[in-house]
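A.B. asks: Here are the chains, one letter per residue:
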Amino acid sequence: MRLAMKNISRVFDNGKTKHVVLENVGFTIGTGEFVTLLGPSGCGKTTLLNIIAGFLPATGGTITLNDALVTKPGPDRGFIFQDYALFPWMKVKDNILYPMKRLGVPKAEREERLGQLMALAQLQGKENLYPHQLSGGMKQRTAVIRALAARPQVLLMDEPFGAVDFQMRMIMQEEMEALWLKDRTTVLMVTHDVEEAIYLSDRVIVMSSDRGRILEDIRIDLPRPRQRKGDAYHHYEDRLIDLLKTALGTGPAEEARGDSRATVALASAAQCAAEYTGCAPQELAAMGERA
Amino acid sequence: MEEAADKVSLYNTRGGWVSRDMLASITDRRRYTWIVSVLALIGVWQAAAMLYGNTFIMPTPWMAISAFGKDAIDPWIHENLLLTIRRVMTGFGYALVIGVPIGYLMGYSMTARRYIDPLIDSLRQIPMMAWVPLTIVWFGLGDGPTVFLIAFVGVFAVILNTTAGVEGISKDYYNAARSLGAKPWSIFAHVIVPGSFPGILTGMRVALGAGWMSVICAEFVATSAGFGFLMVDAQTRMETDRLMGLMIMGALVGFTIDRMLLLTSRVLARWKVA
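Those sequence lines, one after another, are chains L and U. Take the position in the first sequence, starting the count at 1, then add 8; the result is the number in this note's numbering. Note that this note's numbering numbers the second sequence so that position 179 is 165, with each residue one more than the last.
Extracted from the complex, chain L is given alone in its bound form:
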């Protein structure tokens, strides 16, 4: 498995002004990696993930999965939505059987795989419930195994823990790791949470809010299952927090450089820092696209 993004650009044009969200963004992901795209709100990371999923066209550049060009959504790239997007009118088991039916998996094999996936997510006995009868964590796991049912090459996850409170978030991260350790499908996750990125990832790619520029590509070299303590863990945390400041344009590195691009980043970052949540027009535009 090789997922390669090459020179991806995306411009949102509302008729009057053009917002360059992504410009020449590129990186590659290999088999079995858990990779996180980390960046501040409005850095275009969700836009990039939607482009990879095929939900949104890129303005420029190419995405290849095992050397095949990606142009539209497909079962080779599973997608976990922020609010799971489980079909509320289908029972849990029908949600999971859905991709297998679409892909023409024979009935006997379908049922067997359903059993395996339910066991993997520790959801045995919940087959005949509707999604609204599940807890947040169970919905999350159902969404993951529904995506896995299509046997994707890579799982794309859009802030999968974004909609829950802090305690629940930690529990769900732990559940996610446990599930992933059993399955090991390649994952590309988007988040703005430093702790979450370190806890789950093998690799963290830090994106800047300045046209999605990639600031760092860091390997997280910690044993699994992960512990949320220890010097190494906190060292990563400090380093990524500093990088995120740079990503917003408030870090020391960016000021020292003082080139014109940094000035632009600073201008937009000042605005961003002032009203931290979702202030960047790019993110608003991206949210509009998704809604």
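Everything labelled a hint here was simulated from the structure, so no lab data went into it. All values derive from a computational prediction rather than experimental measurement. Hints may contain errors.
[Claimed, not checked] Straight-line alpha carbon distances no greater than 30 Å define the calculated DSSO-like cross-link-like pairs of lysine-lysine that follow:
#1 L:K101 - U:K258
#2 L:K14 - L:K253
#3 U:K157 - L:K134
#4 L:K99 - U:K169
#5 L:K14 - L:K115
#6 L:K115 - U:K258
#7 L:K134 - L:K101
#8 L:K99 - L:K109
#9 L:K14 - U:K258
#10 L:K99 - U:K157
#11 L:K101 - U:K157
#12 L:K237 - L:K190
#13 L:K109 - L:K190
#14 U:K169 - U:K56
#15 L:K24 - U:K157
Given the coordinates of chain L, work out where chain U should sit on it, guided by the hints.
C.D. replies: For chain U alone, kept in the frame of chain L given last:
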């Protein structure tokens, strides 16, 4: 977390919430306030009847209720009532067959919507009863005008609610289906149809309610049989107590139809129960 979840699922299994509902309706005293209201209404009615002292203009509640009791077991009344219900169901059927596909089209395609919207909006402005003379010209007296009117009243409710139902489906569901390998047909059958179903059920309820209300009005003029005709008949015979009895019957039938549909939608759209 697992424990809390199990509790939720326990309450939400169908047997669970039905029995809980029933329990609540027995123990909740507030549910019986309607009896007080109805008794008060009957009291005012009785006072008015006594004040007038003229049973032609204002029969007593008891007279109306006993007339209702006699009508309720009269086969001739049954025959006419069933005829009217059959008309309502026929018209309602047409409203669904025409309205649902148009609603799907308008909900899914903005282009289709731009063409159809002005059409519907202008037709909707014509007062419903203004169609009666024309439909008598077209279909003659009898079933034709009544069925047409019921279908016509209902079709807008069905179209508007189906459109809203389709529009209300989150874009995430389409994207999820496509990334799970769905072809266009599956998106229609497994996302659009079930996703818009609650909206369609709402449209059905409104259409049936409006159909029942307008059919009686149409039957006043356009036919010589049916429930509306019975009322005109009672009026011309100066049987005001029977007329009021029939009004009560009309209310009860309308209420029953609505409750039956509500129950159906609760069963069919069980997944919607939050």
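A.B. asks: Against the earlier hints, flag every one the structure doesn't satisfy and list their numbers going up.
C.D. replies: Of the numbered hints, 5, 9 and 14 do not hold.
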